[in-house]
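Participant: Given only the sequences and the hints, what does the whole structure look like? Please build it.
The residues making up each chain are set out below.
There are 4 protein chains.
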Amino acid sequence: MGLVGGGPGAFIGPVHAMAAQLDGRIDLVAGAFSRDPARNAEAAQGYGVAPDRAYASVEAMVAAEAAREDGIDFLTVATPNAHHLPAARAAIESGIAVMSDKPMTATLEEAREIVALLADKPVPFGLTYTYSGYPLVREMRARIAAGAIGKVHKLVVEYNQGWLAGAAEGQQAEWRMDPKRAGLGGCIADIGVHAFQLAEFVSGHRVSRINADLGSVVDGRVLDDDCQMFLRFDNGARGLLMASQVMTGEGNDLALRIYGETGAFRWSQENPNRFEWLKGDGGMEVVRAADPTLGPVALRGTRLPGGHPEGLLESLANLYGEFAMTLRGEPGSLVPDANEGLRGMALIERAVAASREQSGWVDFIV
Amino acid sequence: MGLVGGGPGAFIGPVHAMAAQLDGRIDLVAGAFSRDPARNAEAAQGYGVAPDRAYASVEAMVAAEAAREDGIDFLTVATPNAHHLPAARAAIESGIAVMSDKPMTATLEEAREIVALLADKPVPFGLTYTYSGYPLVREMRARIAAGAIGKVHKLVVEYNQGWLAGAAEGQQAEWRMDPKRAGLGGCIADIGVHAFQLAEFVSGHRVSRINADLGSVVDGRVLDDDCQMFLRFDNGARGLLMASQVMTGEGNDLALRIYGETGAFRWSQENPNRFEWLKGDGGMEVVRAADPTLGPVALRGTRLPGGHPEGLLESLANLYGEFAMTLRGEPGSLVPDANEGLRGMALIERAVAASREQSGWVDFIV
Amino acid sequence: MGLVGGGPGAFIGPVHAMAAQLDGRIDLVAGAFSRDPARNAEAAQGYGVAPDRAYASVEAMVAAEAAREDGIDFLTVATPNAHHLPAARAAIESGIAVMSDKPMTATLEEAREIVALLADKPVPFGLTYTYSGYPLVREMRARIAAGAIGKVHKLVVEYNQGWLAGAAEGQQAEWRMDPKRAGLGGCIADIGVHAFQLAEFVSGHRVSRINADLGSVVDGRVLDDDCQMFLRFDNGARGLLMASQVMTGEGNDLALRIYGETGAFRWSQENPNRFEWLKGDGGMEVVRAADPTLGPVALRGTRLPGGHPEGLLESLANLYGEFAMTLRGEPGSLVPDANEGLRGMALIERAVAASREQSGWVDFIV
Amino acid sequence: MGLVGGGPGAFIGPVHAMAAQLDGRIDLVAGAFSRDPARNAEAAQGYGVAPDRAYASVEAMVAAEAAREDGIDFLTVATPNAHHLPAARAAIESGIAVMSDKPMTATLEEAREIVALLADKPVPFGLTYTYSGYPLVREMRARIAAGAIGKVHKLVVEYNQGWLAGAAEGQQAEWRMDPKRAGLGGCIADIGVHAFQLAEFVSGHRVSRINADLGSVVDGRVLDDDCQMFLRFDNGARGLLMASQVMTGEGNDLALRIYGETGAFRWSQENPNRFEWLKGDGGMEVVRAADPTLGPVALRGTRLPGGHPEGLLESLANLYGEFAMTLRGEPGSLVPDANEGLRGMALIERAVAASREQSGWVDFIV
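Residue numbers (full-length UniProt numbering), protein chains in the order written: chain U, 1 to 366; chain L, 1 to 366; chain G, 1 to 366; chain Y, 1 to 366.
The set of hints was computed from the structure by calculation and includes no laboratory data.
Treat the hints with care, since some could be wrong.
Unchecked claim - List time: in silico EDC-like cross-link candidates among lysine to aspartate or glutamate, alpha-carbon distance up to 16 Å:
| no. | chain 1 | residue 1 | chain 2 | residue 2 |
| --- | --- | --- | --- | --- |
| 1 | Y | K279 | L | E285 |
| 2 | U | K279 | G | E109 |
| 3 | Y | K151 | Y | E69 |
Unchecked claim - A short, non-exhaustive set of chain G residues, derived as facing chain U with CB atoms under 8 Å:
| no. | residue |
| --- | --- |
| 4 | S57 |
| 5 | E285 |
| 6 | R288 |
| 7 | D291 |
| 8 | P292 |
| 9 | P296 |
| 10 | A346 |
| 11 | E349 |
As the list claims (entries may be wrong) - If you anchor each label on the Cβ, the simulated ranges turn out as follows:
| no. | chain 1 | residue 1 | chain 2 | residue 2 | range |
| --- | --- | --- | --- | --- | --- |
| 12 | L | F11 | Y | W361 | 20 to 26 Å |
| 13 | G | P8 | L | Q45 | 31 to 37 Å |
| 14 | G | R209 | Y | D73 | 50 to 56 Å |
| 15 | Y | W361 | G | G9 | 41 to 47 Å |
| 16 | G | A63 | L | K121 | 49 to 55 Å |
| 17 | Y | V362 | G | R206 | 25 to 31 Å |
| 18 | U | G166 | L | K121 | 50 to 56 Å |
We put the beta carbon where it would ideally sit given N, CA and C, even for glycine.
Facilitator: Right, dumping it as structure tokens:
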């Protein structure tokens, strides 16, 4: 695995490195960590990457690695959104697989380009919608597909953070609130797409109409910091999406509730090793990680016995584990693909436009 | 106290009777419990009301009681919504005070009539928005008014039930889903107004614009069973209101989250003896019932030491206790009044209309 | 109902009055609230008791009431422990039924006297072990009796309070820590017996051996403020009892966990409207108040639909409701009786002695 | 790092491997994974260890590695308890540092031998009392040392599991319940010592007296499966230790509550990213992972921002990270050492003996 981004001080790059290597089946061996040569070398040393495989650019990396016998078999993209497309393009054109952070690109147009590139030159392409790697998220998905709660008729997904509630913003906030680097959307692009992807992934249904209310509560902020959205799904189900970065004091409260005709599931990322199963007859079960009744997809992503908490790194590691399955030619990966990436970018663009123009309900066809 | 409604098999009448009498300062002494004479007599006996004070109609009750030296000093209205106005009208015209269940009436026009009646002949008039009686709800209100969380900029209120998730509905559902008896709104009138009142009551701000999405997920149902609403408050705060009776397996999950510039409060009715106080600096406190730091309004509504749970009956009893203060001429009651009732009815009517006509954002001026 | 104790400023007397009268089937009509005539009259007025039925002593009350056509049919004893016996004796000798607060008396010898008095002159006698009135406590008991968790093999009961953690103690603490008024035990008598009674009541098994470790952590305190006890039950089950009033910051954290061969129940008084059912196969259910699957004893003690919290007053009201059943000659009451009271007093005396003498394991035969 | 144990099918070996390597600063490069050559080779491949560094025995490993320029700098011992001493001895005698799983050995005598070996030939020696690596455990320890809750006067530690509740036991249970391989203690040695170590580690106080009640609830089981223990600490504090493997349905419920004169902390391993801080004045705070108010030890063991759960692997990784600090000659490691190991072994031996002989209170001097 090669890594683009993740230089000294970066948050998400080291997270990818830890997660990818957690299970001992993937090695980080090359990178273009920083445009600054000294910082690039420093990062390489930190990651245990040989100096000669710390490249000045992603283009240099994919060229050199593609030429090596033992070159990387995939590139992980962990840069600000505006650099996702160039990195992915370089890898795809060199025949190197790609694991990209989300959202897939900075604009919908760029997302279409990735889809087109892949049509032209197919390589495995995955998106690290990290939260979809939690075993219990996958268990809910499997149970809903098997009919455990009947026809889904209502869904509420929310992603509540508070770190942008004040005017003062730190380094992480900087590029996320700068349209040049983050793209059109602020909160919607940073976390709203996670909520959207989780809703579609678990429910097995696609959003078909939206009514969006994006805005900012902090004076002078250009991009949205708070999003509210009514949803309709392809089966007629009603839905609600909330995402906010100004819910003062909230940490990373991504939560999903799905209601079907005969039951419901409730899950919260801050306590990820369980979900609640409400039943139409009044009963309620708590389904816990590593429970022997879990299905194979959940269990293969579980390293520890019940009661031993696993967390976000392990969830992301599950995505890497499945991406490695794909690279080995094994079926069964649930890693989100470029089409899911395209849907996410379409959501951002449509929601931003519809909210600005106060369009009310608009169709969501991608 | 006299009671209209609450005959054998009724749910809410006995609840009012228990709550009103809990603290030993109010006695239920008269009633028009049922139009059926035998059931009316049976109810009177159950409540310990003398046979000659069980009346055939509310009109008969207020006439007779107004003429007694020891007649009732207020009437409690616990009938289906369509009978709220006639009962209130009879009492007001006889100079008898009124505690009415919510929503105040079946239509906005009827609500205006009550306001007009009271303007003409002022008597104490209260609405049993039960959840506003919880001590910790009142504490949040007091703290927000005192600036504990800074300027409110985001609010999420939700009221989730599941009892109408299936097609089969019991007796309680019957009149609530019948437009003739419930009025224009289904879920919005039954529980949505509770959420709306709680949001305004605690935040101290009034809703000024709404964008409503009401609908039903059960085939053939005429009234709404699921409501989603974007809100704007008079201070510019952004808000979200959810109310649903088809969230399968949910009991009575009324919950409020209010975010200000420097802190936030989270409270849930199903665990009502505490709220969480999130702070902008990362800290979090849990404020518990009977805590010595609570203010006087919360403490006067608390009967037991910390750790001894109080519930919904005690919350409703707090409203009755304050209504009794008003009857004695004491100031300080926070019982919702007819103007709050009018706002609730306006919300129902506007939300139903705006949703049906897909109006998008509409002003909410009452 | 007549009440002894509960004068102005008392805590538990008004609680009994509210709970007994909650369901409208019991009226407080007489009392000996205070030895001080002015305070006695003041209390009577507060309770709505006629001035001529506010008596100077419990002896005067039972004499006068026994002579009335409409005299009280039972006496509620809500005094400090040292006055329980005289009050109960007076009532029993007058043929008046008794509901007494716990522990039954101040000493084991006094408890034996009550049992002897009742053998001589049987009247209904109940003890307000309040927590045994919670519907879900009764549901656990019924399910265990029906074999839902198999043979019980381990039990942990704890009752954690913190109000005596500091040296300074308020009025409530005063008599509880005074051996003359509280009896031999401090924490063990005040709350330890609650934990003991709950354990026996729910498990359906009796404690047969104990190993007690009572002590005090606050300098100069004569009575115990912290109790730890190993238990063995008559079926061989192992158990642990903790009760403490120096667990700083704890409110009223009474909690029970019972483990059988095939399942387990966990319940906590501070969140009383649910219990957890752990299953041997890894599953876990949450059983909630008002759930239609609950048995008749739980449901008859439930006033509100699911999701509407009930609390401690309602739990105590359930005991009064069942005591009233007994007075009416109806079977089925689960109110603790004098034999349970005797067991509680024996526990206090044995635990205090065994701990002082460091006896290790001692038989517990009552 | 070299690993002894952790062959195919083993549980704890791979956990050590993942945790040690998580932060990219330690590499597993050698091992004696299994006595079976084929399984040894298979394991080596799985761990990415070169075939020539998969040794037939720990003795062969330390001999060969000590002779290499790039030999391992420490040995991780993850075998059944009976093999801890030989492995540690081999490493110590070769001058190789040791990280050993707990309990340190199978008997107290063996533990004394390790202490003696280290006195003779000092090398860094650590014990993976995994739970002490959680950031919030370390934060509680630091705050107690700084006086945040005043003098500690009561402590409750419990470790509840249910996997041995039934008679049928799987592979993991096998050696743990076999005295030849597990040593004298069953539950006390497997998990009781974790609870004991956690109590001493966080409180900063040492146990000075114990009164133990060990036993088994499953017929025919030789070693204890349920432990209850009264404790006294060197400062006079009262304590209680529970550990059980027959609490049906429990997963891995290690929980600690510490009460001081002015405050208390409550923490639970199954929800490890927070603890509750109860205050003597009635207040309650929730301290959350990654909170900026945390001290340096907690923050250096935190990889992710607030709200992103970390789990057991990360906790264990923190111990490895600090052990690596020691190897690099940096101060500040909190990894438990051989003296803590000795105390744990003493606890097992004394508790087993005192319980068998029903000794009541015994001094605990190590």
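Participant: Which of the numbered hints are not met once you compare them with the structure shown?
Facilitator: Hints 2, 3, 4, 9, 10, 11, 12 are the ones this structure does not satisfy, whereas the remaining hints hold.
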